[in-house]
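Q: Sequence:
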Amino acid sequence: MMRGQAGLRLLLVVPTLLAILFVLFALMNFAPGDPVSAFVGDYPVPDAYRQAVIETYSLDASFWQQFLAYLGQLLQGNLGYSYASSADVTTLIGSRLPATLILVLSGMAVGALLGILVGLVSAVISRRGADAAINTTVLVAFAVPGFWLGQILVLLFAVKLQWFPASGLHSYGVEGLQLFADSLWHLVLPVTALCVLEFASIARIMRQSTFDVLAMDYITTAELQGLSRRRIVLRHVLRNASLPAITVIGYRFGQALAGALLIEKIFGWPGMGLLLEEAVLRRDTQTILGVVLVIAVLVLAANVLVDITYRIADPRIRRG
Numbered sequence: 126m127m128r129g130q131a132g133l134r135l136l137l138v139v140p141t142l143l144a145i146l147f148v149l150f151a152l153m154n155f156a157p158g159d160p161v162s163a164f165v166g167d168y169p170v171p172d173a174y175r176q177a178v179i180e181t182y183s184l185d186a187s188f189w190q191q192f193l194a195y196l197g198q199l200l201q202g203n204l205g206y207s208y209a210s211s212a213d214v215t216t217l218i219g220s221r222l223p224a225t226l227i228l229v230l231s232g233m234a235v236g237a238l239l240g241i242l243v244g245l246v247s248a249v250i251s252r253r254g255a256d257a258a259i260n261t262t263v264l265v266a267f268a269v270p271g272f273w274l275g276q277i278l279v280l281l282f283a284v285k286l287q288w289f290p291a292s293g294l295h296s297y298g299v300e301g302l303q304l305f306a307d308s309l310w311h312l313v314l315p316v317t318a319l320c321v322l323e324f325a326s327i328a329r330i331m332r333q334s335t336f337d338v339l340a341m342d343y344i345t346t347a348e349l350q351g352l353s354r355r356r357i358v359l360r361h362v363l364r365n366a367s368l369p370a371i372t373v374i375g376y377r378f379g380q381a382l383a384g385a386l387l388i389e390k391i392f393g394w395p396g397m398g399l400l401l402e403e404a405v406l407r408r409d410t411q412t413i414l415g416v417v418l419v420i421a422v423l424v425l426a427a428n429v430l431v432d433i434t435y436r437i438a439d440p441r442i443r444r445g
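Here my numbering runs 125 ahead of the position in the sequence shown, where the first position is 1.
Now the in silico label distances, taken between C-beta atoms and shown as ranges:
no.: 1; residue 1: D185; residue 2: F305; range: 48 to 56 angstroms
no.: 2; residue 1: L199; residue 2: Y174; range: 26 to 34 angstroms
no.: 3; residue 1: K285; residue 2: D185; range: 54 to 62 angstroms
no.: 4; residue 1: A340; residue 2: L196; range: 49 to 57 angstroms
Honestly, the hints are just simulated from the structure, not real lab data.
Backbone N, C-alpha and C define an ideal beta-carbon position, used for all residues, glycine too.
Could you put together the complete structure from these sequences and hints?
A: Below, the structure written as structure tokens:
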């Protein structure tokens, strides 16, 4: 049962990617503007040269011919060539993808840990004041847009107080262990801006899930057997209450990735977001398609991984 459902999800990955590519390719193909300008730039060139560019790169071919040619190119493991950057799209993405993954995974890890902890504590603690304070914090975190918070963090902690760097992955001329520490210091502000919404989403789900688990009969039985509150929470409540949070963490990967693209712009983070912005401004079709394709693959892979992880963590689904 588990393998069948996981296999079905894997089979749906291919048609989903094809649909995404088709829609994006159509939007790029039928968008207003001259596609030749993406190759020759804004400088005036002879008509003969423009015609040569059109014939060389099949810009006069029909939409379907271009689309099928691009699919054939992908099957060969080739994401295309960026004439605006004079580099392979694979090389461009390979140089930017690690920075984006570092930002996204760090933000999600911090948000998940804080969300699980706060959600669990909020449900377990019965004090009205503490519970109200935690709920207010979660609601405020939901209401604050990440890109707005990012700008506030830059203005306050980077420009005014100068506690943290305002942009970049690391400082110039830093090497060795100092490079690692410097990179972590550069991560603080962008990760803070990114993890706020992740924290709020997971904390809310974790809190409600913990309430549901605490109301289960086996928790009452454990209490009647004399088990300590701490042991019950750590051994029984935490694992079962975390199952819905696992799903939320995985399915929020796409939203975290989209949020990271905006955060990268604010903090000058050299990732996929800046690469996509540069490609759009230059109308670099091959790079745009490559970036979106890689993002789509990452999101779909995360969804499949969450589905498999959930089934491993919950024996009831494996049996059912």
